[in-house]
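Undergrad: Quick note, the sequences are listed as chains E and H, same order. Those letters in the first sequence? Residues 1 to 401, by the working numbering. Those letters in the second sequence? Residues 1 to 376, by the working numbering.
Derived by calculation from the structure, the hints in this document are not laboratory data. Heads up, the beta-carbon is just placed ideally off N, CA and C, and yes, glycines get one too. Check the hints yourself; a few may be wrong.
[Stated by the list, open to error] Now the in silico label distances, taken between C-beta atoms and shown as ranges:
id : chain 1 : residue 1 : chain 2 : residue 2 : range
1  : H       : Leu-372   : E       : Ala-271   : 55 to 65 Å
2  : H       : Pro-358   : E       : Ala-230   : 28 to 38 Å
3  : H       : Glu-41    : E       : Ser-14    : 54 to 64 Å
4  : E       : Asp-392   : H       : Glu-204   : 42 to 52 Å
5  : H       : Glu-129   : E       : Pro-96    : 21 to 31 Å
6  : H       : Val-220   : E       : Val-93    : 32 to 42 Å
7  : H       : Arg-344   : E       : Arg-255   : 35 to 45 Å
8  : E       : Asp-275   : H       : Glu-16    : 25 to 35 Å
[What the hints assert, rightly or not] Calculated lysine to any residue pairs in the SDA-like style (CA-CA distance at most 20 Å, straight line):
id : chain 1 : residue 1 : chain 2 : residue 2
9  : E       : Lys-156   : E       : Gly-55
10 : H       : Lys-341   : E       : Val-276
11 : H       : Lys-341   : E       : Gly-179
12 : H       : Lys-341   : E       : Gly-252
13 : H       : Lys-348   : E       : Pro-113
14 : E       : Lys-17    : E       : Gly-179
15 : H       : Lys-341   : E       : Ala-115
16 : H       : Lys-173   : H       : Ser-131
17 : H       : Lys-208   : E       : Asp-275
18 : H       : Lys-208   : E       : Ala-279
19 : E       : Lys-50    : E       : Glu-204
20 : H       : Lys-341   : E       : Glu-293
21 : H       : Lys-348   : E       : Val-276
22 : H       : Lys-356   : E       : Glu-293
23 : H       : Lys-208   : E       : Ser-14
24 : H       : Lys-348   : E       : Ala-277
25 : H       : Lys-208   : E       : Arg-13
Chain residues, written in single-letter form:
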Amino acid sequence: MKRGSLQGGIYFRSGSKPPPSFAFLLLDVAAGASPAAVRTGLEGAWATLKELADGRLAELEGADRSSSKGLRDQFTGLEFLFGYGRRLLDSNVHDPPLTACARPTGLVFLDHPDAAFPSLPWAAGSSANRGEADVCIQMTAGHEAATRLAATEIWKYLVRSESPLSVSAIFTGFGRADGRGWLGFHDGVSNLDSSQREVAIRAETRPEWMIGGTYLAFLRIGIDLASWSALTRSEQELLVGRGKLSGRPLIGVERFESGETKPIAAAPVTARSTDVARAEFHEPAQTTDPLLEASHIHRANQNRGSASAPAALRIFRQGYDFFEDFEKGAPRLGLNFVSFQADLLTLQRILHLPGWLGDSNFGGPTSAEESTSARLLTLDAGGFYAVPRRSDPFPGAELFA
Amino acid sequence: MEASGPFTELGPDGLEAWGKLMDRVLSPGRLRAVSEGDDAEFATSDIDWPATPSRVLSCLGRDRAHQFLDLPVHGRNKQEEYCEWRTIRREDGAVIRVELTTELAAYWRVLAIHQPSRLLELIAELAGEESVSPGQIYGLDDPWSAAEDERDLGFAENMLAVATAGPYNSGEKAICCLIQETNTFQALARLAASASRPYLIEDEQGRKLLPNSPELIPPVVAQLGRSSDPVIAERLSRLAFEGRTVSLARPVGIFISSVARTRLRCPDGSIPPAEWFSLARDAGGDVDGRALHQRLVIEVPPARDYVLGDLTDVASEERIEHGAQIADLVQLALRLEVGLKARRTRPKLLAPRSRKDPLDCRSLTAAADQALAGSP
């Protein structure tokens, strides 16, 4: 079970990189549906995705050769995974219950409308959390058309088969070729070394149906780009903990009599740099300046420990940016924060503990007067999902036995 | 040494004895405690970890681990993260109060030897009693007249062995200090000294990686799967690799660095106020404005129509039924003084090695099976 038990679309292996298109499709089960009907619906949805990944689309069977080749090219690299949300295991929602399987400890609803995490408030006007659902399907591919078409094909299948499953929401996103995010900084630089990711990701504890699987946290985080853009580059770098252009970790802060501060970055990594210098680029050395210790990269990785040390609170992040619209003259945009971890309590600790990200919205000192990141991020939607190991006819089928 | 907070209670002789003890324990290793007058440039830095015994949870599963850890002797003996607690329940079993301590037994021993009156007063205070009998603490009716080693032995026998600890440290009437067999100053010092060596890991592909692999720490000084040992070992070995001067900050101890209060919800959905979390026994470091608390008591004020056991942890959606759930909210810290300047080191190259049953689950499971079978 160990090797290769994780579902597709988790790009944790050395050299693998998430493709640029992301869709997160959420499905809900109608009240009173039988487990058997849900199982049939999910089996069909899984089969639909497998056909698409093979470049086949039922209604276009028999099309000319060039059209078929185009279809195959379009879906090359389509990866997908199934996850199950807290809602599916809620007997208040599903009575009688859809499954007799036990709920994993950390699989919980996010608090709403109260803040789910102390320093990450819900976006103004979010009347409901659209990120919670019975089932999530994460789809990633090289082309936007592939993830959008796949989502639509699933919808078609569910309607056609009169399944009790229906689409409740979809969130989409993209990755940039330059590896940067909306803040202008490189994203994911501090992620775990590939050799340690599987340990951080793979669930090893009960319930039995989740052993060999993983847990996915999805947080659709809006970014106040106007506030961010109003900061100087130095201020931004001190909040992040890295140089904006180079991505190099900061190792010190120069302070001037005027009260201004100037970040000092580590030496550059070059082609001649050692393995260790490269590793230190990702996982910077101990800083002794309180301003740097309060920066995002240090708050999120206080102890610089390995995935084998439970207290290091290591998770594997795989985020995608999003852009929705211009609203009142400003863009509505942000990050689809997606993380995979062996235990959702790890993420809860990171986001609740003072000193980590429990007392800072993004980074920087705790005191409100000092913190320039007080309201940089807000939560638009979010949910936690249990992502079972690979199995036939689809992952998690045993839930509906 | 600089004395403040509880350390002043040791008195001059006690302070001197405590200082000598630290020097003796730390001297064989590469760590020491920073003394006044050290002229090197240091900054404080904490290694932190959750108080919940993660190895016990991994081996036994969450529900069994929670039940087991609340058992007086066998459970207490697996509260192995430098934090121990007692859970006080109502007659119907509902949790009404949890008391946690990180105070080192070595410190309490020095207090017992040098300040018997203060010791008895403190124990009475922690137990919520007017006074306690010296006989129950020292096994002596008149500890004041006894020789120092008699006081030491009497206190150790009556208060510091998990199997035989009297009611004032067994959790029955109070909890005063750490008594789990590996939660000692000596064990901490051994681990720290063993980890403070510069090395690099060479993986199967010949890549040289940063020294963050707890498997490299000898099993005799570190237990894999714990919250504390691996992270302490990794962090110190990383600092050693960076060529930093590292010392344990004074006052030496394990401190409660934070409590994730925002994970709890009252029956009305509100977050319990900070006043319900009484932090105490501040060791008085007051470095960077941060207190160094060694004790936490959490309970709902009697005026409310609910108790601690009616609160829910939003991270698990579970009601508080065991002390370990409170420990899960508590973050502990070991405070270091880290030299500002790094210097070049010549790290030793090591290869990761795997161990059989690295978490030692087999013996833990056997102990839990036996203890839970005999519990009500």
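Undergrad: Work down the list of hints and note, for each, if the structure agrees.
TA: To see whether the hints hold, each was checked on the structure:
1. H/Leu-372 x E/Ala-271: 55 to 65 Å: Holds, since H/Leu-372 and E/Ala-271 (Cβ atoms, about 59 Å apart) stay within the stated range.
2. H/Pro-358 x E/Ala-230: 28 to 38 Å: 50 Å, violated
3. H/Glu-41 x E/Ser-14: 54 to 64 Å: 39 Å, violated
4. E/Asp-392 x H/Glu-204: 42 to 52 Å: With Cβ atoms ~32 Å apart, the hint is violated.
5. H/Glu-129 x E/Pro-96: 21 to 31 Å: At 53 Å between Cβs, range violated.
6. H/Val-220 x E/Val-93: 32 to 42 Å: Between H/Val-220 and E/Val-93, where Cβ atoms are some 51 Å apart, the hint is violated.
7. H/Arg-344 x E/Arg-255: 35 to 45 Å: Given about 27 Å between the Cβ atoms, the range is violated.
8. E/Asp-275 x H/Glu-16: 25 to 35 Å: For E/Asp-275 and H/Glu-16 the Cβ distance comes to about 49 Å; the hint is violated.
9. E/Lys-156 x E/Gly-55: 17 Å, holds
10. H/Lys-341 x E/Val-276: 19 Å, holds
11. H/Lys-341 x E/Gly-179: 33 Å, violated
12. H/Lys-341 x E/Gly-252: Between H/Lys-341 and E/Gly-252 the Cα gap is close to 11 Å, so the pair holds against 20 Å.
13. H/Lys-348 x E/Pro-113: 53 Å, violated
14. E/Lys-17 x E/Gly-179: 10 Å, holds
15. H/Lys-341 x E/Ala-115: Outside the cut-off at roughly 41 Å; violated.
16. H/Lys-173 x H/Ser-131: 13 Å, holds
17. H/Lys-208 x E/Asp-275: Answer holds: H/Lys-208 to E/Asp-275 is near 6 Å, not above 20 Å.
18. H/Lys-208 x E/Ala-279: The hint holds at about 9 Å.
19. E/Lys-50 x E/Glu-204: 27 Å, violated
20. H/Lys-341 x E/Glu-293: Holds: H/Lys-341 and E/Glu-293 sit about 16 Å apart, inside 20 Å.
21. H/Lys-348 x E/Val-276: Judged against 20 Å, a Cα distance of about 13 Å means the pair holds.
22. H/Lys-356 x E/Glu-293: 37 Å, violated
23. H/Lys-208 x E/Ser-14: 15 Å, holds
24. H/Lys-348 x E/Ala-277: Holds, because 16 Å separates the two Cα atoms, which is no more than 20 Å.
25. H/Lys-208 x E/Arg-13: 18 Å, holds
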